[in-house]
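Line by line, the protein sequences give chains A and B.
Note that the first sequence covers residues 490 to 650 in this note's numbering.
Note that the second sequence covers residues 2 to 135 in this note's numbering.
None of these hints come from the bench; they were simulated from the model.
Where is the CB? At the ideal position from N, CA and C, for every residue including glycine.
Only some residues are given here: those of chain B computed to face chain A with a beta carbon under 10 Å:
| # | residue |
| --- | --- |
| 1 | Arg-41 |
| 2 | Thr-46 |
| 3 | Lys-63 |
| 4 | Gln-69 |
| 5 | Asp-74 |
| 6 | Gln-75 |
| 7 | Phe-77 |
| 8 | His-79 |
| 9 | Glu-85 |
| 10 | Arg-87 |
| 11 | Val-88 |
| 12 | Cys-90 |
| 13 | Thr-91 |
| 14 | Ser-93 |
| 15 | Lys-117 |
| 16 | Cys-120 |
Only some residues are given here: those of chain B computed to face chain A with a beta carbon under 10 Å:
| # | residue |
| --- | --- |
| 17 | Gly-47 |
| 18 | Thr-89 |
| 19 | Ala-92 |
| 20 | Val-119 |
DSS-like mimics (lysine-lysine), calculated; alpha carbons at most 30 Å apart, straight line:
| # | chain 1 | residue 1 | chain 2 | residue 2 |
| --- | --- | --- | --- | --- |
| 21 | B | Lys-63 | B | Lys-38 |
| 22 | B | Lys-73 | B | Lys-117 |
| 23 | B | Lys-73 | A | Lys-581 |
| 24 | B | Lys-117 | A | Lys-581 |
| 25 | B | Lys-134 | B | Lys-38 |
| 26 | B | Lys-134 | B | Lys-63 |
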Amino acid sequence: MTMTPRSWMVPAASAVAGLVAGLFIGNFRGDGAAAPQGAAAPARVQAAPVDPDQRGVSIEEVRRVVREELAAHDRHAASPGQASTAQPPEPKSATQETATSRANEVLVAALGRRQWTDGDAAALRSQFYQMTGDDQSEVLRQFSQAVNEGRLTVETDQVPF
Amino acid sequence: MKPISGFSRACIAAFGALALVSAASAGSKFTGDGHVKINRNADGTGLAIAYLGMVYNGDGTKEYLGCQKSGKDQVFCHARTESEDRVTCTASSSYLALSVASISPDSRLIFTFNAKGVCTGISVQHSSEYEDKQ
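Turn these sequences into a full structure, and let the hints steer you where they fit.
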């Protein structure tokens, strides 16, 4: 069978038209399967429509959270050592204030004599358990520091308070 | 005085040998004196160490070492040597309070302190090598 030039041009043109049509349809599917590799794919992803109600977190919400975190960080940096959520200490009762004052007087007097006697231990003991925990710690810390530095000689055989 | 018979001599020898074997197979024992020792550093830090059972059973009359804790996790440790050197420290720490709670009569106890009189560590060790309080 012989084909004239005119007869083979018709199926060739049909094939080219089908190929072009296939590429055109593939570009509109949006899955990138028929898309050429390169810069065209990211551009199409960015342009993909997003339903604002289904994103979960909006850009404005993210900005608000970042602003709040930065503000909290600035507050913390302005007052090192203090947590922004720390509760203020409870005010001491008059009994606690008096006990701490007397305990400090006992310690100061002993430091002046450089001696910690049975009488000092008894005097501190009578006040100690009326003091707040923080004040107990501070009195014992000062006592310990003075003993360890040799500024206070413990002369009692019993526990020091 | 009645002379010791040959049979009695044999029994005494056997008993002695048995005692020696028992002592030799009773396990390793700590051979130090276990006394309270205090080390001070130039920067004000230091430590105290003792074997509680050995101190109690020993011939010392002045030395002691101990720690106590209150219900608010307040810890106080103090030690005195036979030469009457003393150190003490205190801390508010649930972590150190747990260590104090684990002290037993036959512990090897060590506490360390900083220059401000704050306890910085408490080590409580138990071992079959340490003797119990008698």
